[in-house]
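**Student:** Please arrange chain B on chain A, whose structure you already have, making use of the hints.
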Amino acid sequence: MKNNLNKVIDFLNRKNVMLFVGGACCTILILVTILAPILELHDPTEMNLSASFMAPCANYPFGTDNLGRCIYSRVIEGSRISLTTASIVVILSAAIGTVVGLIFGYSGGITDAVVMRIVDIFLAFPTIVFALAVSTVLGTGQKNLIIAICCIQWTRYARMARGEVVLLKNAEYIEAAKAMGNNKFQIIFKYLLPNVASKILILMSLDIGSIILYCASLSFLGLGAQPPSPDWGAMISDGKDYLRFSPWMSLFPGLSIAFSALSFNMLGDGLRDLIDPRMRESVNPE
Amino acid sequence: MGKYIIRRVLAILLVLWAVATLTYFTVHVTPGDTAMAILIERDGPEAVNEETLNFIRTKFDLSRPISVQYFEWLGNAVRGNFGISYRNNMPVKDMLSIRLPNTLKLGGTACLISLLIALPLGVMSALKHNKLLDHLSRILTLALSSFPGFWLAIMGIVLFSIKLNWLPTSGMNTPSSIILPALTLSVGMTAATTRMLRSSMLDVMNQDYMIVARSKGLSKSRTIVSHGFRNAIPPIITIVGLQIGHILGGAVIIENIFAWPGIGDLFINAVNSKDTPMIEGCVILISFGYAFINLVVDIIYACIDPRVKYTNGGN
Chain A
1 MKNNLNKVID FLNRKNVMLF VGGACCTILI LVTILAPILE LHDPTEMNLS ASFMAPCANY
61 PFGTDNLGRC IYSRVIEGSR ISLTTASIVV ILSAAIGTVV GLIFGYSGGI TDAVVMRIVD
121 IFLAFPTIVF ALAVSTVLGT GQKNLIIAIC CIQWTRYARM ARGEVVLLKN AEYIEAAKAM
181 GNNKFQIIFK YLLPNVASKI LILMSLDIGS IILYCASLSF LGLGAQPPSP DWGAMISDGK
241 DYLRFSPWMS LFPGLSIAFS ALSFNMLGDG LRDLIDPRMR ESVNPE
Chain B
1 MGKYIIRRVL AILLVLWAVA TLTYFTVHVT PGDTAMAILI ERDGPEAVNE ETLNFIRTKF
61 DLSRPISVQY FEWLGNAVRG NFGISYRNNM PVKDMLSIRL PNTLKLGGTA CLISLLIALP
121 LGVMSALKHN KLLDHLSRIL TLALSSFPGF WLAIMGIVLF SIKLNWLPTS GMNTPSSIIL
181 PALTLSVGMT AATTRMLRSS MLDVMNQDYM IVARSKGLSK SRTIVSHGFR NAIPPIITIV
241 GLQIGHILGG AVIIENIFAW PGIGDLFINA VNSKDTPMIE GCVILISFGY AFINLVVDII
301 YACIDPRVKY TNGGN
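Line order of the protein sequences matches chains A and B. One point on numbering: in the numbering used here, the residue at position 44 of the first sequence is 44, and numbering is uninterrupted. One point on numbering: in the numbering used here, the residue at position 241 of the second sequence is 241, and numbering is uninterrupted.
Next up, chain A with everything else stripped away, as it sits in the complex (with noise of 0.2 Å):
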């Protein structure tokens, strides 16, 4: 027994688990994603009054909600909202924050210095009290979550790829590159970005889980997307009022909302060890 103990441990510390692991688990996550439609028993968004605030059954695997919507076909639709939903909160802001980061930090001088004020300034904020903010004054929406969001998440890239940058510029092969006569967009984009994006990429794929975390505080608060869409945030808003007889409309979405973050967090993990294990925990949240 404790042989075979130390063996299991020793196989961990071996492999780099966690990125299979959390690969495997992205990988199905994209799948459930990709075939919600044949996976979903019921239309979700196909009300029943007749089956309402049923428990888990062989028809409804999850119950059913106020409205007698299969919880199950919810949750797997909802995995659309959510993954799009950080996806492109994700992209848009590395985007941003990188190109922000790469041209302010290589210039230097007054105008980097009022950049970087300016990223100090969003990150004075607590990302869910901006969001929510931003979103009196947007309105609520799926379109509006991304950009209260982006907002704040964009710094987080600026500061890495300035960081990187400054440290970079002053490096032979950029001396080289200059000589051989490239412009300053040229050695930016040509030989700072590949030496930046690696970083960016790991600091993406860590991001992800705590965007689906943040997405779904905002949906739940109402600010995300609107009804009848099955947003998981929202549904478990929604059973928030029925949990003395029907705790299943929050349990179901709260667990998809936890294996989504937990699988891109064990992918993040474990391409950070795989890529640059220096990095450790120096990247932290928020």
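Keep in mind the hints are simulated off the structure, nothing from the lab. You may find that some hints are simply not true.
To be verified - Computed cross-link-like contacts, DSSO-like style, restricted to lysine-lysine with a CA-CA straight-line distance of at most 30 Å:
1) B:163 with A:199
2) B:105 with B:93
3) A:143 with B:274
4) A:143 with A:7
5) B:220 with A:7
6) B:128 with A:7
7) B:163 with B:105
8) A:7 with B:131
9) B:216 with B:131
10) A:199 with B:93
11) B:274 with B:93
12) A:240 with B:163
13) B:105 with A:240
14) A:184 with A:199
15) A:240 with B:274
16) A:190 with A:169
17) B:105 with B:274
The structure displayed is predicted, hence computed values, not measured ones.
**Tutor:** Just chain B, lined up with the frame of chain A:
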């Protein structure tokens, strides 16, 4: 050192001014007639007529140009006066000062719980690097950081309040009311701090001075406590500072779920009723708290870690 602190304080003041201004212009300047919106929100559409509109405009000072309004608002905001709540006619300042102690109590308890769990777990995890305990704690912290706090809160209510009937579902009437909200709020911070402490202990334990300390004949535990842990502390202080920001944000939702009468609950209600002065007051207070904690963290950091260069502003 004194110069460094003055520089940091000045930088923070600049950031705070920018935070206040950004908040003002994002939240205050809404399209359409603000007076009309306030009236409809407060008394319903039937109350709208010329007389009531003028009353609202004078009462909340909406008729003058926005630039004039801004400078007056800023002057008042510096003194902590954010105007009168659109919703219930009370000064925002008074409502914030009633609610603030409750948020501090909840946040403080959550931080304490996190540190009590994270410090021993993180150190043990590093000491037993790649052993069973380390793997368990890594899996546990990774899992915990993936659960949405508001969902844990709701499931906590289902289990401990509804099924077992041990704890109250909401409010802060009994001393046990704080247990569920504080526990659910502390989860994220516990996970992040444990992970950070583990990796910074691991970094420290590979340093040459640890080997020197061991070869001097110090016992393993002595080396870890007096050389290892001390050197691992600075990054912990940084992450604790950042996590307090996280707790401030998380408290917004947790307070709302448990009807805990703090700033977060006030804020969500203000957002839902578009109560602009109250939203501004809450956002600015929370961001100020966050900035202040980070200032304190930077100063402590500089005091205990002589390697920080004061000239670079600590970044």
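**Student:** Please name the hints from earlier in the document that this structure breaks, with their numbers sorted from lowest to highest.
**Tutor:** 1, 4 and 10
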